[in-house]
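2 protein chains.
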Amino acid sequence: MGACPHAWQHQLQHRGRMWAASPAFRRQLFLLRSLAPTCADGGRASSSSLRPHAMSAAAGPVYEADAEAVVRRITPPLDRARHKGQAGKIAIIGGCREYTGAPYFAAISALKVGADLSHVFCTKDAATVIKSYSPELIVHPILEESYSVRDDERESVSSSILTEVIKWVERFDCIVVGPGLGRDSFLMDGLFLITNNIGLVEDNSLAILTPNVYEYKRLVQKILNCEVNEENASEQLTALCQKIGGVTIMKKGKADVISDGKKVTQVSTFGSPRRCGGQGDILSGSVAVFSSWARHFLLSNEQPKETSVNPMVLGCIAGSLLLRKAAALAFEKNKRSTVTTDIIEFLGQSLEDICPAGR
Amino acid sequence: MGACPHAWQHQLQHRGRMWAASPAFRRQLFLLRSLAPTCADGGRASSSSLRPHAMSAAAGPVYEADAEAVVRRITPPLDRARHKGQAGKIAIIGGCREYTGAPYFAAISALKVGADLSHVFCTKDAATVIKSYSPELIVHPILEESYSVRDDERESVSSSILTEVIKWVERFDCIVVGPGLGRDSFLMDGLFLITNNIGLVEDNSLAILTPNVYEYKRLVQKILNCEVNEENASEQLTALCQKIGGVTIMKKGKADVISDGKKVTQVSTFGSPRRCGGQGDILSGSVAVFSSWARHFLLSNEQPKETSVNPMVLGCIAGSLLLRKAAALAFEKNKRSTVTTDIIEFLGQSLEDICPAGR
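Protein sequence lines correspond, in order, to chains A and B. Heads up: the first sequence begins at 1 in full-length UniProt numbering, then just goes up one per residue. Heads up: the second sequence begins at 1 in full-length UniProt numbering, then just goes up one per residue.
Next up, chain A with everything else stripped away, as it sits in the complex (with noise of 0.2 Å):
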């Protein structure tokens, strides 16, 4: 969907340090910039094993992690004593006049992977588009576009908005910035403006960017002053999540390669040979909930073997590999005509395959 979708769990225990930071935003920043955690807690999951700027790029192979051993590791069992809620609340902003599909394909994901409450936030015109493609998800209507805010309005409509924003913000388990926001000046794409300002998720470890190959030539561009090298592909990878201060990269590909700085592990299983559009919206609904539910595990497994791990890349080894799956399913059924919603169907059978519900 030309969308940039990058998932990003936090918790707003410091929403003070959030608003005093709130008035030095430029102006069409102050959305993504009001969700940045801005390191409130990025110690709690993995900065004991995370110290990027310590740190020499990692040398060595890349290993293939064992994805479905992750998978049932951190999902969590269906108890009959949880409420509404407890399986994991999640936000995605995006959705404007030209993209209504990609933050459809993310919210919609993150219900079908087991997240009790999907909400998405978008532009009025994308709203009633996106509502219509389902009842299960909440959508709220409170962006802009610069085409409908006069200059002189934009200051008092982005506070607004931000209110509006912070309003709900709090109740979310992980919040997935950018499928579909475009390039709109007032609204921005998520990782499109990351590469420009990456001081939104500098520093944090619970930020996740899943670039794919054009957008991961942009940020080790912007970031590392280089091209692309694909002799010391690991090495770079870890060298830009350093330079970024321990965010978690998923860089997709053939086989999606993820580091935070420290290790990188792979996940290639092949998928489908499809390459429809939207694919990369459901790998961000399915990160997001992977990611939540690993932090949950890892918070609830104090063990010291435990907490050096980074749920975020487990988050995101999942979500690969269970994308990966309900692709392979998909085309077997659809061949050709397969498309981004024939992928969405198979995704709870091929979650049942590898963790069964009643186990």
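Worth flagging that the hints you see were computed from the coordinates, not collected in a lab. Note that the structure is a prediction, hence the values are computed from the model and not measured. A portion of the hints provided could be inaccurate.
In this list, chains with the same sequence are indistinguishable; a pair is considered to hold if it fits within one copy or across any two.
[What the hints assert, rightly or not] Here are the computed lysine-lysine pairs in the DSS-like style, where the Cα-Cα straight-line distance is at most 25 Å:
id	residue 1	residue 2
1	167	217
2	84	131
3	84	167
4	254	335
5	217	84
6	254	333
7	84	254
8	335	84
9	252	335
10	252	222
11	167	131
12	167	222
With chain A's structure known, arrange chain B on it following the hints.
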């Protein structure tokens, strides 16, 4: 969907009294208050067995209802001689800019359980979307949210909406207020509104409240001025019903606990471990139909034994069981990817399993 539905059955023989009372409505309450039977026929169904204020809280164990027997007893036989509408005309008042799924789930569930007609009264923003979910529903885009109403217009807008609703309201067997009304100051969500304006349902033995854990907590704090007490849960629930004046309350949870201030009964048939948002809306739509059927059944079976039963309680028992059966079947098929729409698909089979249409 974050909504707080409660079902509410009435006949408006005393429409005159409702009009007479209307000038006293507080502006944002006009709609709900206008729908309250103001005890008009509170005595019809069960007042002979309900003297709330004179009663002391019931003690003792909570008995499991024979829910299947209740469903079989109140579900009307399908008679070829019946006309459209005789199996139930249901109205849902809900649906705003953010929530369109909740009123849709309640309205379509009413049809799937067996009602003949299902109407939705919602805001203009919500109407187009809700219509697009299903051609089965009759959707009235007549409500307004504060952002679309100038302060100096509120009175006139209120009364014109009231006039429009009144035109319709007598035609329904049951009205569900509040799935997806949100918290807009001009709209307000059903149970949230009731909690803060208990007079709307006070002494109305045809009113049903279906709070979840959090909504129940707010009700107890507001009405009984204390905290939820798990040791004396059934006594507290009974006292709450009595204090409000004989309304029926179904406290949703692992077991749905139901009381009319006289007896306490529960339905604990296991449904599904999935807690996807929207199941409460299915419940409100189903309870609306079953409580209408129960009322008609009891009114046409005048034995003393029968009339001492509260049809609202029977409706809650039947609705609770049906949702749980449908959720179990949906989960068996869809596992972790089960969403509310999947559950609605199994309402018909669940009812058929309990009481075959051919009987």
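Going through the hints against the structure:
no.: 1; hint: 167 / 217; verdict: between (36 Å within a copy, 22 Å between copies)
no.: 2; hint: 84 / 131; verdict: within (21 Å within a copy, 27 Å between copies)
no.: 3; hint: 84 / 167; verdict: within (19 Å within a copy, 37 Å between copies)
no.: 4; hint: 254 / 335; verdict: within (19 Å within a copy, 30 Å between copies)
no.: 5; hint: 217 / 84; verdict: between (41 Å within a copy, 16 Å between copies)
no.: 6; hint: 254 / 333; verdict: within (21 Å within a copy, 32 Å between copies)
no.: 7; hint: 84 / 254; verdict: between (37 Å within a copy, 11 Å between copies)
no.: 8; hint: 335 / 84; verdict: between (37 Å within a copy, 16 Å between copies)
no.: 9; hint: 252 / 335; verdict: within (22 Å within a copy, 29 Å between copies)
no.: 10; hint: 252 / 222; verdict: within (18 Å within a copy, 53 Å between copies)
no.: 11; hint: 167 / 131; verdict: within (21 Å within a copy, 29 Å between copies)
no.: 12; hint: 167 / 222; verdict: between (34 Å within a copy, 24 Å between copies)
Checked against the numbered hints given earlier, the structure satisfies every one of them.
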